[in-house]
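Student: Chain by chain, the residues run as shown.
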Amino acid sequence: MVMEIVCPAGTPAALRAAVKAGAHTVYCGFNDETNARNFPGLNFNRSEMRDAVSFAHQHGSKVLVAINTFPRAGDEAIWHSAVADAETCGADAVILADLGLLDHTARTHPGLRRHLSVQAAAANADVINFYADTFGVKRVVLPRVLSVPEIAAINAETEVETEVFVFGGLCVMAEGRCSLSSYATGLSPNMNGVCSPASHVDYSEDQGVLDARLGGYLIHRVDKGEPAPYPTLCKGCFTAGSQTGHLFEDPVSLNAEQLIPQLQKAGVTALKIEGRQRSKSYVAQVVRNFRAAVDALEAGRPMPEGMLARLSEGQAMTTGAYKKTWR
Amino acid sequence: MELTVGPSQFFWPADFWTGFYQDLTQSPVDRVVIGELVCSKRLPFYQDRIPDAISALIEAGKQVSLTSLALITLKRERKLTAELAEMGVTVEVNDLTALAHLPKGCAFTVGPLVNVYNEGTLNWLAARGANRVCLPPELPLESVEALTRVANDLDIAIEVWGHGRLPLAISGRCYHARLHGRTKDNCQFACEDDPDGLEVLTGDGRPFMAMNGVQTLSDSYACTDHQIDQLRWVGVSALRLSPQSKGFAKLCILYRQRLDQTLPQGGVAKAITTEDPALRLSDGFLTGACGADWSGTS
Amino acid sequence: MSDPHITIPHCPAPLAAALRLVPLAPLSLSLTVFARKIARTSPGLFQRLGEYRQTDFVLDPVDLPIVLCLNPNDGRPKVTLTRGRGKGVARISGPLAALLGLVHGAFDGDALFFSRDLVVEGDTGAALALRNAVDDAELDLAQEAARLSGPFARPVQQLIALAERQTGLCLTRPEDAVVW
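Chains as they are written, first to last, in this note's numbering: chain W, 1 to 327; chain H, 328 to 625; chain Z, 626 to 805.
No lab work stands behind these hints, which were simulated from the structure alone.
Be careful, since some hints might not be right.
[Stated by the list, open to error] In silico DSS-like links for lysine-lysine, alpha-carbon gap of 27 Å or less:
#, chain 1, residue 1, chain 2, residue 2
1, H, K402, W, K323
2, W, K324, H, K402
3, W, K224, Z, K662
4, H, K368, W, K323
Predicted model only: the values in this text are computed from it and were never measured.
Chain W on its own, in the form it takes in the complex (with noise of 0.2 Å):
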């Protein structure tokens, strides 16, 4: 069976311009803090999702809805009502990481098909079975913390489907275990559905060298003419005892278009791309990309050579978790 490819769309546009590109599945959120993409100017509103779904299910793709941030106490119904609509819009899944969220939907919405969002960092196969015997999950987002011979030892100890990033923002920390974030701005992932949030970013250039700062610390400080990440905390520029680098993570992305054949072995399911913020013509060319991968691999052809370098952070790329020598 071919590879699935799930990509990102932060609007409806680029929603339409993934399907037209060949994606199988589509996944989004709608544009409130349910969702861990809750950028300015990004996702849906409930009429704008129904009209996604139906334009997708015209032309044979899905539309995988993810409420994936972890509900405030006290105010549950917000995202209670993302679930409710995420169904009557018609989404063939809800990608979901709370468990108060997963037993809610569990009960109240048995017809929904549930994922696992990366935001619940299940990282192995007992876990995994725990979440599908208690809340009934179908497909898990696994974290980018595994190698590609522990998520075939995953996917060897379980029936549940596995999706795996393999394109896009790189997380180095396990997923919804991390408040990096609001630790320097007040905003998070899991409560915000932002990380390292562009509200709290300052650009400064000085003939040519340029600060960019987040929540007033110095993450970046580059050159004229180097690349400029943004200033994502857990890839900035730090020091530690004598050596100053990047201690966390470069300023790098993922591409792990030449490992499919491996991660097909491996029994993954579906390949899911990164980057509901960004644009429609990024959508489209990555999407292109994996899909002309995934029908070259399933005709037996070799994989063509990647293109996408100048589309990724500081224009590098790593495998990340899937090689080993990573950690």
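Once you have looked at the hints, place chains H and Z on chain W.
Tutor: Using the frame of chain W, we list chains H and Z on its own:
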């Protein structure tokens, strides 16, 4: 309000580790969570000391529970987790994998690294057997209040991160190993050199974080000195003090005095910063604009 | 844009020089009318701006001697061209081709930013909202301009025709979308 000592986040030599828990038998705390939270590779160095430490603490009248790891991926780690329940003390779940191994109906506690953000999650955990939850440190006071209200009805005791470097992130990658140009599998236990974590500075020299193997901590030490009265008022049962290599016995006494109101608001912070003027405190997750904020004046 | 090492064309000097002489007030007025026409056909664009619906933006084509100040004004946008730095809470600077390419969805904003073809200053959240809103709107400036009529149509149409002729800039949506 009670005092709970959380599991040590750091890699300490076995003898130092033993001495630390020996000292705790004499300290005015009510509960001690013991075991390895951060990295399974550290455990063989002191694993054989754990049963004696547990016995000594129980004998001294402390309640004791045993933590799970914060991030469980390897087969060896899954096996360790499955064996936790056999140690005969309550398990503190810090990765839900531990829950998958606990027999249904078996009582357990929930640590600060499990995402308990709302009533629905609390309800579900209570139904599953949780009787104590230490809330994630990033929660604001309003959420603590809302959750404590529900917890009281569910008979769950709520704990709040009371003092210590904040656990901000956990990763599959070991930063100490990376810093030394090694891989995680060949880390040579670089994190042992930094018994309270290694300070991480920004590009302009500002202290920001502390690295601790696969874990990233805050540079600042969270301190609830200024929120204790509010926390007590909303019904929080216990403050969690996170072990540090120096001055921990004194810290426990200070917080005990503060809870007993023999020390005024600001007294804990004052004593700490008098001892070490370079130390930075924070309480921004509870009441500030961001986690690093500090409501006290130095 | 399948070439990963695309270079952004710079506006040729004659056009830049011409703009140094043109009186800006009538051109500003024409562009305001043009922007309002777009606002009528793409109301979603302003909805997407959310809290930035009344924000002053400065768009600075670094290869031209002018900057464009834009206030969405909650759906009744105002455009002012000036020769100074302009005033606004968010500034997006880059070659005219990069700015127009963004509007038409030919380029990815993040990619241009990583390569430093685009520079954002001031309120990054506002700049991001504008980028995202414009990206969703699927605008086609040349087509919109062709549909303009009345006294303000000619200056805008002439400007766009001139720019297109002289530079080969991206003034229409290059999408395969059109034929799809």
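Student: Any hints from earlier that this structure breaks? Give me their numbers in increasing order, please.
Tutor: 3
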